[in-house]
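Chemist: Protein chains in written order, with UniProt numbering: chain A, 1 to 267; chain B, 1 to 286.
Read the hints as simulated data drawn from the structure, not as lab findings. Some clues are possibly wrong.
Said to hold, decoys possible - Far from chain B, some chain A residues (derived; all Cβ distances over 12 Å):
no. : residue
1   : Val26
2   : Arg74
3   : Arg103
4   : Ala142
5   : Ile156
6   : Thr170
7   : Leu219
8   : Ser234
9   : Tyr238
10  : Ile255
What the hints assert, rightly or not - Stretch-level coverage of chain B by chain A, calculated; a stretch enters the list once three of its residues show a Cβ under 8 Å from a Cβ in chain A:
no. : region
11  : 41 to 49
12  : 92 to 100
13  : 127 to 135
Unchecked claim - To give a feel for the contact side, a few chain A residues facing chain B, derived at Cβ under 8 Å:
no. : residue
14  : Gly171
15  : Ala184
16  : Leu190
17  : Asp194
Glycine included, C-beta positions come from ideal geometry on N, C-alpha and C.
The residues making up each chain are set out below.
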Amino acid sequence: MSTTAGIVLPPRPSGRWRRWAGAALVAAITLVTLLPGIGIGFELTSLLENWRNGAERIGRLLVPDWSFFPRTVRPLLETLQMAVIATAVGAGLSLPLSFWAARTTNPGAVGRGIVRAVLNTVRAVPDLLYAAILVAMVGVGALPGILALVLFSVGIIVKLVSEAVEATPTGALEAGRAAGGSQAQVIHALALPDAWPPFVNQTLYMLELNVRAAAVLGLVGAGGIGLLIDQVRSFYRYDQIALIIVELVVIIIVIEAVSGWARRRLV
Amino acid sequence: MTSGANGSAAVPAAEPWGIELKDVTVRYPDGTLGLNGVTLSIAPGEMVAIVGLSGSGKSTLIRAINGLVPVTAGEIAVGGHRVEDAGARALRRLRGEIGMIFQSFNLAGRTSVQNNVLVGRLAHTPAWRTLLGWYRPRDLDLAHRALARVGMLEKLYNRADALSGGQQQRVAIARALAQEPRVLLADEPVASLDPPTAHTVMRDLSAINRDLGITVLVNLHALDLARRYGVRLIGMRAGTVVYDGAATGAGDDVFEQIYDRPIRAEDRVASITGEIGRDASTGEPE
Numbered sequence: 001m002s003t004t005a006g007i008v009l010p011p012r013p014s015g016r017w018r019r020w021a022g023a024a025l026v027a028a029i030t031l032v033t034l035l036p037g038i039g040i041g042f043e044l045t046s047l048l049e050n051w052r053n054g055a056e057r058i059g060r061l062l063v064p065d066w067s068f069f070p071r072t073v074r075p076l077l078e079t080l081q082m083a084v085i086a087t088a089v090g091a092g093l094s095l096p097l098s099f100w101a102a103r104t105t106n107p108g109a110v111g112r113g114i115v116r117a118v119l120n121t122v123r124a125v126p127d128l129l130y131a132a133i134l135v136a137m138v139g140v141g142a143l144p145g146i147l148a149l150v151l152f153s154v155g156i157i158v159k160l161v162s163e164a165v166e167a168t169p170t171g172a173l174e175a176g177r178a179a180g181g182s183q184a185q186v187i188h189a190l191a192l193p194d195a196w197p198p199f200v201n202q203t204l205y206m207l208e209l210n211v212r213a214a215a216v217l218g219l220v221g222a223g224g225i226g227l228l229i230d231q232v233r234s235f236y237r238y239d240q241i242a243l244i245i246v247e248l249v250v251i252i253i254v255i256e257a258v259s260g261w262a263r264r265r266l267v
Numbered sequence: 001m002t003s004g005a006n007g008s009a010a011v012p013a014a015e016p017w018g019i020e021l022k023d024v025t026v027r028y029p030d031g032t033l034g035l036n037g038v039t040l041s042i043a044p045g046e047m048v049a050i051v052g053l054s055g056s057g058k059s060t061l062i063r064a065i066n067g068l069v070p071v072t073a074g075e076i077a078v079g080g081h082r083v084e085d086a087g088a089r090a091l092r093r094l095r096g097e098i099g100m101i102f103q104s105f106n107l108a109g110r111t112s113v114q115n116n117v118l119v120g121r122l123a124h125t126p127a128w129r130t131l132l133g134w135y136r137p138r139d140l141d142l143a144h145r146a147l148a149r150v151g152m153l154e155k156l157y158n159r160a161d162a163l164s165g166g167q168q169q170r171v172a173i174a175r176a177l178a179q180e181p182r183v184l185l186a187d188e189p190v191a192s193l194d195p196p197t198a199h200t201v202m203r204d205l206s207a208i209n210r211d212l213g214i215t216v217l218v219n220l221h222a223l224d225l226a227r228r229y230g231v232r233l234i235g236m237r238a239g240t241v242v243y244d245g246a247a248t249g250a251g252d253d254v255f256e257q258i259y260d261r262p263i264r265a266e267d268r269v270a271s272i273t274g275e276i277g278r279d280a281s282t283g284e285p286e
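Please put together the full structure from these sequences, using the hints given.
Modeler: What follows is the structure, encoded as structure tokens:
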């Protein structure tokens, strides 16, 4: 079917290697999964042997202890507060850093390299680890949790927003420089309007991530609902954990709905 | 900054500046030769059309004049102020006196027409004012007058990306005019526009030169536009000036010499009578 009624298709561009590369990737993953020597030593048979255990717990998770609700309100609010404060502070720090980390708005390779290297380091450390270290430094409570989430937020927002800034056409920036604007003026007058949509998007998404993260920070003593989860878990109160899960799901859904609405209005 | 003949920035109606290039060579980092020993003298208030095929160096010439492209060797002076060895601060001040218009308009699409035109006041506004958005009444007035001049004042609060191409280019001209420039550089200002709109924009540039006396340098690749709107014609090929003379006297033979090949139909933009399509300059987007 390469020729139909006299028309001749041009030769297909080379690129068959992609298919082979894809196949090789699948083969590699299969190998890593199956090889006992490289594998991480888990056996699916334990699922079969312990299924009775698991089923019993799932059964208890399905019946939340609604009477537990009053005790969850304060820690839940604290969790939300931590997430909101950390997102706001993190976003505020991220906005200038994003322009500093983007090639198009910071031609100086040295400053940009330093900002990027620091942020890569910040992003490499998991938020729970930050919280654990910060609890040791500033004591148990919401503060180490908030600080951990701020670091987490800055690492992610700056990366995503600076990439969006770099992907924006640079014509307007050139016009601003040609008109004699300084770097700060050009960024404020010309780069900022284009950076708003990705910035608002990533900040709203960050709020969702921070609520999730804030819920478990309490496991290492960094405030919020996690402290309560840790308590009831040690008493095997799966019904109470179930209630907390339900509450978290509701909060995440509400935030998702609100941020979706805000995104449509603002962007 | 050395002071030239027209150096006083306090003069209310800014006097136009001349441009001097002495043996200017621009070599790009990848080794391409943009300009090869160009020497030019442009008098204050001249209307110059620079023609040449793509890659001839005409865009490099325009960009070297306001320091957007660094010079490898030679000297450039605008209004007596040296460009190539100006420090960052002096260069910004100098650029504040030189308006520039681009092929792709280069507006910030997501902000208002007014904010885009106020970019023309950046060099004359302290950074704290721009950060707070507190422009002086005089700066706002200049922006509004510039927009009125190109007939775009009614779009003041529209978003720039809601305008048609011709309208965007007129806003870009207003942005340059808001600078109260002494020199106006235009890099292929009509190459992205349809023929009737191209003529509208060229008429605007021509009127700016005639009425305000501003020195205008405009890059073009269409020979009929160059002949019609240019007073002085500079032809470029391979980074050198191959023609310099009156635009009106330049026949097809001159352009064949500049292009180094016979003239083709596509070297012209359609005539001004508008046999091609709608008049996009009056057409609204949407």
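Chemist: For each hint, tell me whether it holds in the structure or not.
Modeler: So, going through the hints one by one against the coordinates:
1. Val26: 40 Å, holds
2. Arg74: 40 Å, holds
3. Arg103: 15 Å, holds
4. Ala142: Holds, since 33 Å exceeds 12 Å.
5. Ile156: Isoleucine 156 of chain A clear of chain B: closest Cβ-Cβ about 23 Å, beyond 12 Å.
6. Thr170: 9 Å, violated
7. Leu219: 42 Å, holds
8. Ser234: 52 Å, holds
9. Tyr238: 50 Å, holds
10. Ile255: 26 Å, holds
11. 41 to 49: violated (count 0)
12. 92 to 100: Three-residue rule met by the region 92 to 100 of chain B, so holds; n is 9.
13. 127 to 135: holds (count 3)
14. Gly171: Glycine 171 of chain A check passes; min Cβ-Cβ to chain B is 4 Å, inside 8 Å.
15. Ala184: 5 Å, holds
16. Leu190: Hint holds; leucine 190 of chain A Cβ to chain B Cβ min 5 Å, cut 8 Å.
17. Asp194: Holds - the Cβ of aspartate 194 of chain A comes within 8 Å of chain B, reaching about 6 Å at its closest.
The structure fails hints 6, 11 (numbered hints given earlier, in ascending order).
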